[in-house]
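Undergrad: Guided by the hints, dock chains C and X onto chain Y, whose structure is given.
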Amino acid sequence: MTNDPSAPAPSRARSAYSGRRARAPIVRHAVLLAWSLIVLFPIYWMVMTSFKDSGEWVTWPPRWVPYEPTLLNYRQIFIPADEARGTLARQATEQAFSIWKALGDSLLICLVTSFISLLLGTFLAYAISRFQVGGKYFRYVILTIRMVPPIVIAIPLLMYYAIMIPYATESVLGFRISLFDTYVGIGALYVAVTLPFVIWMMLSFIDEIPYTLEHAARMMGAGRIYVLRKVVFPLVASGMVVTFLFVFILNWAEFLLALTLTYPDVTTLPILLNKFQSASEGRLYGPQAAIGTIITVPVVILGITIQKHLIKGFSFGMIRK
Amino acid sequence: MAARRGSLLPELWPAMSTTAGMHAQRAPRAGAFARLGAWFAQERVFRLIPFVLVEAMFILIVIVPFILTIYISLLRWRANRPFEQATFQGFDNYVAVLGNEAFWTALGRTFYFAGVAVTLELLIGFVLAMLVNRLNRGQRFYITIFLIPMMIVPVVVGYNFSMIYLDSGPFNQLLAPLLEPFGIDPRIRWLSHPIAAQWAIILADVWQWTSLTFLIFMSGFAALPRQLINAARVMGASRSQIFWKIELPLLKPAIVIAVVIRGMEALKMFDSVALLTTGGPGTSTQTIAFYMWEQVWVFNKYSFGAAASIVLLFIFAILIFFGIYMLVRQRSIVMQQGI
Amino acid sequence: MARIVLRDLVKQFGAYKAVNGVNLDIRDGEFLIMVGPSGCGKTTTLNMISGLETPTSGDILIGETVVNDLDPGERGLGMVFQDLALFPHMTVFENIAFGLRVKKVAESEVQSRVRAAAETVNITKRLETMPRQCSGGESQRVALARTIVTNPRVFLMDEPLSSLDAKLRVDMRTELKRLHEQLKATFVYVTHDQAEAMTMADRIVVMNGGRIEQVGAPLEIYRKPATQFVAGFFGMPTMNFVPGTIERNGSGAVFRAQVGDVTQPVDAVVTPELIGKPVVLGVRAEHVVVGGGGTGAAVRLVEPLGDGTLVFCDYGAESLLVAKVDADSLLKSGDSLNFRFDPPRTHLFDAQRGVRLN
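Residue numbers (my numbering), protein chains in the order written: chain Y, 370 to 690; chain C, 963 to 1301; chain X, -13 to 344.
Here chain Y stands alone, though its shape is the one from the complex (with noise of 0.2 Å):
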């Protein structure tokens, strides 16, 4: 090395960004914080609606924080109106407003439909993965349907199962039978709409499964039952888990159908809230608040939980990771 002092010292070179890299961290979460407070922001106000008395529901200033946190409002849903009577509002006591009888409903219908619906989806996406059951491009045919708009679904329904349906049983068997409102039409219909993400989250379940598993299994002797629920079921058991809470929650948060289709007998929460929503003597903004929480909280848990794998489900398993 020369030591030569009039040499300029080493100059160190800098990258053109060097500055800017070190506000970056603090623009980045900046931005990252505000879009998180706008996705906060409404649930937030949700809830705290929900535990405000009828005084302060709408205020001017709007109210950020009950000054007088109650559980009215659960109470009004929850107890029949008879007995909140004289605690509550005038008009709240006109309507029946227990949400047992949409709880349960939403619960048996979402319960029971999904699993009919896991179940068919698995077998048949099995059919497809391991022997091209309908051929190369049969997985697409089934993603059309869930495309097709909904309403364009429920016209047809209506008509088939509040005038056909009846007409025909009426001349075949001499009484009526209408599947209009009734669990057993909400929930063929939910099933149907509901096997395409079946069969595309468990395409992707089992597309990831070795076949030579299977072969392993047969050349031991296995038979083609044996091998089911040895091998595939235990190494599909999560991914069904996962594709049954997210069939779940779309059947959970199915709006349209239940609206053309059901109501009164059959009721489900999305009905529930939309019925106060369009109530004409002035809206009941804590117990839909209320109702509103309740539906929300399940399924943002289990949500949460199936959180890696929502991805595959809305993507149709499309995307992956």
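No lab work stands behind these hints, which were simulated from the structure alone. One thing to keep in mind: the hints can contain errors.
[Claimed, not checked] Sample of chain X residues with no beta-carbon within 12 Å of chain Y, all distances over it, derived:
1) Asn194
2) Tyr208
3) Val276
4) Leu296
5) Leu306
[Claimed, not checked] Simulated crosslink set (DMTMM-like; lysine to aspartate or glutamate; CA at most 20 Å straight-line):
6) Lys599(Y) x Glu80(X)
7) Lys163(X) x Glu124(X)
8) Lys505(Y) x Glu1017(C)
9) Lys90(X) x Glu583(Y)
10) Lys599(Y) x Glu1005(C)
11) Lys153(X) x Glu124(X)
12) Lys599(Y) x Glu60(X)
13) Lys599(Y) x Asp57(X)
14) Lys599(Y) x Asp576(Y)
Glycine included, each C-beta is placed from N, C-alpha and C at the ideal position.
TA: Quick look at chains C and X alone, frame taken from chain Y:
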């Protein structure tokens, strides 16, 4: 030499006769259930049972209703009269639908809503994904929060936004400091103004579904091959060059998938309209789904609704065909890149 | 008897014939290796023996029985797969025991047989671990043990060593050979690696394009390849091929290369109709004699191997000629040399059909 059915083990391998013998003993005890199991385990049965079941279900609750709908669409019938009194009137309903300005306006409006909403969702989702992807810490935190809207029931989203846009709601409160100096009463009824109401619906959709585009782009970014970008760096490419010339082209499949999936979903838009504006003020926020719902369920125009359904199905069939075509093309790329 | 006979076996996938008329007699207790490039039909043939694929036409006989319609499990064969196919959700013990559990063997017998099988392949210590915790070599042994435990008289193996690294693969070859001797069972082994085939097999079946090119003992195949394809497939480096014609030369005949000054007497075999026909002369690198007269050539590349050195030289033809010379040779790139071929070690093939002529 004829093939013999059944276990060949005894003849073939004497060494295995112990286990094979057990088979032979069990056979006579096999009951109806076991025989059913054996029948089901045959490959052709095994392949086809779920297929036939599902196909049967679709024929029963999709195909048959559509045939019925085509028939009803050819009748002159409103639900306030019994079905027996309906008269055949040919294609008049189709002429009525195709010549109906409200139908086409609602359809056009739906495309407008979907177009604006999906564009915003793509842009915001892309930027958020890019920012989160560059974080070293806290990725999980943001992902978890950003995903929440996706899980919220659309009806609840509609309700939530109806609260926020309320004349004495928090949205106006936030605007108040900007408006009050000009002497404007900040308690604006947003949902009573046609254009503001349209934007209210679009923004509710953006709020909910940016989560999905964000998630799709997150997987897209995660699948970007690091080596390629490093190679470009070594070759002296600038950051913007890397973005435009390498990252963006590689993200194309993710973008296409996001556009198709979100686009097809956005065209179904109904729930937030029903909850936020019920199509109003006037008909300014009626989407096609809402318009048809109103025709059939409110005005009871059954045969008109049936014809409209069939027309809409045709329009969507074309869209779906193109959508699926694009998905199939991108999917092979996605599978290779492992998004 | 664990004798397997394949008769006119054909497997068609759509219009593509993966296996196109295979006849083969696999003897009881032999170590038979099917080798060929990917897509040659060897794996399909193996899958048809195992029952995982159904032949389009032709018969598969095990012993004296046609087994075409039997399920894989009913044929009493054991199979080791390319990706090993260990069940990821079961312990090593349960993986090995699977075949016994299927047949509802009593628990005490399962215990003893699994342990015996694990001992045979030295994995007794890993019985309680999950397959994903096992190293490559251990997984390999588990897959073997799982097959051994059911006492099949025939083992089918589909490239079982391909997932291992190079050194382990060589070790496992010895192990497999030992296992074969110990079990006295028939091994049918599929690989694309000619070195594996050469080292382990009693007999080798070389396949190409859905057909069998040659069946024979390893050295027989190495020394007397029946076709140009077989000649090129076996041996490292690849055999030199020199295209040319045969010319009459007095009472005998001589091979003359198309390009370059290469001639080679080929007296022994030549029939009159071969004269003037295009042929290919094949000679392995170790049978190229360098120095002491012959064709002149320039050295282009030198690859020392340790025990010898490969010299790539240019004598005017399109492809370089490889010669294996002594490791102490001082040849370097740019040098010139003379080479000739060792007459009894040359191979003559028909240029069109690739069939051996001498």
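Undergrad: For each hint, tell me whether it holds in the structure or not.
TA: Right, here's what the structure says about each hint:
no.: 1; hint: Asn194; result: holds (25 Å)
no.: 2; hint: Tyr208; result: holds (32 Å)
no.: 3; hint: Val276; result: holds (49 Å)
no.: 4; hint: Leu296; result: holds (39 Å)
no.: 5; hint: Leu306; result: holds (42 Å)
no.: 6; hint: Lys599(Y) x Glu80(X); result: holds (11 Å)
no.: 7; hint: Lys163(X) x Glu124(X); result: holds (17 Å)
no.: 8; hint: Lys505(Y) x Glu1017(C); result: holds (16 Å)
no.: 9; hint: Lys90(X) x Glu583(Y); result: holds (19 Å)
no.: 10; hint: Lys599(Y) x Glu1005(C); result: holds (18 Å)
no.: 11; hint: Lys153(X) x Glu124(X); result: holds (14 Å)
no.: 12; hint: Lys599(Y) x Glu60(X); result: holds (19 Å)
no.: 13; hint: Lys599(Y) x Asp57(X); result: holds (18 Å)
no.: 14; hint: Lys599(Y) x Asp576(Y); result: holds (17 Å)
Every hint from the earlier list agrees with this structure, and none is contradicted.
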